[in-house]
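Please take these sequences and the hints and turn them into a complete structure.
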Amino acid sequence: MKIWASTSEEGWLLPKGSDSLDCIQTLELKSSAEPGAEEASFNQVVVLSQMGLILPANAKKNAIYVVHLDYGPNPASTRLDYISEFTVTMPILSLTGTSDVVHGQSVAQVYCVQTQAIQQYTLELCQCLQAWFTRRSQFSFTICESLIAVQYIDEVWNNKSPLLPSDPYQRAQSRFWADFVDNKVYFPGRKTWTKKGQKLEAGKNGLIESLKLLEGELGDKPYFEGDKLGYVDVALIPFYSWFHGYETFGNFSIEAECPKLIAWCKRCMQNESVSKSLPDPQASLFGFCFSA
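Each residue of the sequence shown is one higher than the one before, counting from 1 in the UniProt record's numbering.
These are calculated hints, taken from the structure and not from any lab test.
Since no wrong hints were added, every one of them can be taken at face value.
Derived lysine-lysine pairs resembling DSBU-like cross-links, with alpha carbons at most 30 angstroms apart:
| # | residue 1 | residue 2 |
| --- | --- | --- |
| 1 | K195 | K260 |
| 2 | K212 | K184 |
| 3 | K195 | K266 |
| 4 | K260 | K221 |
| 5 | K195 | K184 |
| 6 | K266 | K184 |
| 7 | K199 | K184 |
| 8 | K160 | K266 |
| 9 | K212 | K195 |
| 10 | K266 | K228 |
| 11 | K228 | K184 |
| 12 | K160 | K276 |
| 13 | K276 | K266 |
Bear in mind that the values here come from a model prediction, so they are computed numbers and not experimental data.
Below, the structure written as structure tokens:
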């Protein structure tokens, strides 16, 4: 498998006829059972773009490979990583797949039609990527999940600008609300641009309800932990970049529903560390939602 990228300076835009392409990576896929050069050809390929997975199937060897596509800030930094392989008992006629989030974990469902059977395989991405993370961590270390990474940063550099309160009860409360953001904002918000009809409305209503609860927790404080940015602020403010997409696809106004929360968002954006870290909410992520 190869990645080809345009040599133009237009980033992710499709290359024009006059642009040239450069091969920036070649990834060899060989069966663990019978490695051989003839296995470079695949008769079925499933792409699960939201999970960053490519699943090519080799009917000759009855093997399905799992490849992770790691997007970078530009095409030249994009990378392919082989992360798993599984075999089936009979030749593969067709292959389809779906992706979803179950109990907070990314799960891929793979449906394989064979000569004498139809089989379903479930890939839990967190487990599937474990060996990949181990390989990537041989010369450095990797910390998975955003909130866990933030907690690690807070523990290592706690003497500079702590994010979590020192009081055990307040610290537990902060962790509760950060977890609330992870589960009660992300999932209903996602439905506003991936679903239609009643499911979209359910997602929109769930999102508004969650944001109102967060607004109530914020109260009249400048930030969730008080006078300075804290753990809950760091957990929630990245979603501000998604608000425009939520509002456009859901046909509603978050500011009309939660004016204090939007005032908090704007207050956070006045911090240079926040404004320089988040993408433009009016452009990049809205474009992603529109193309998904």
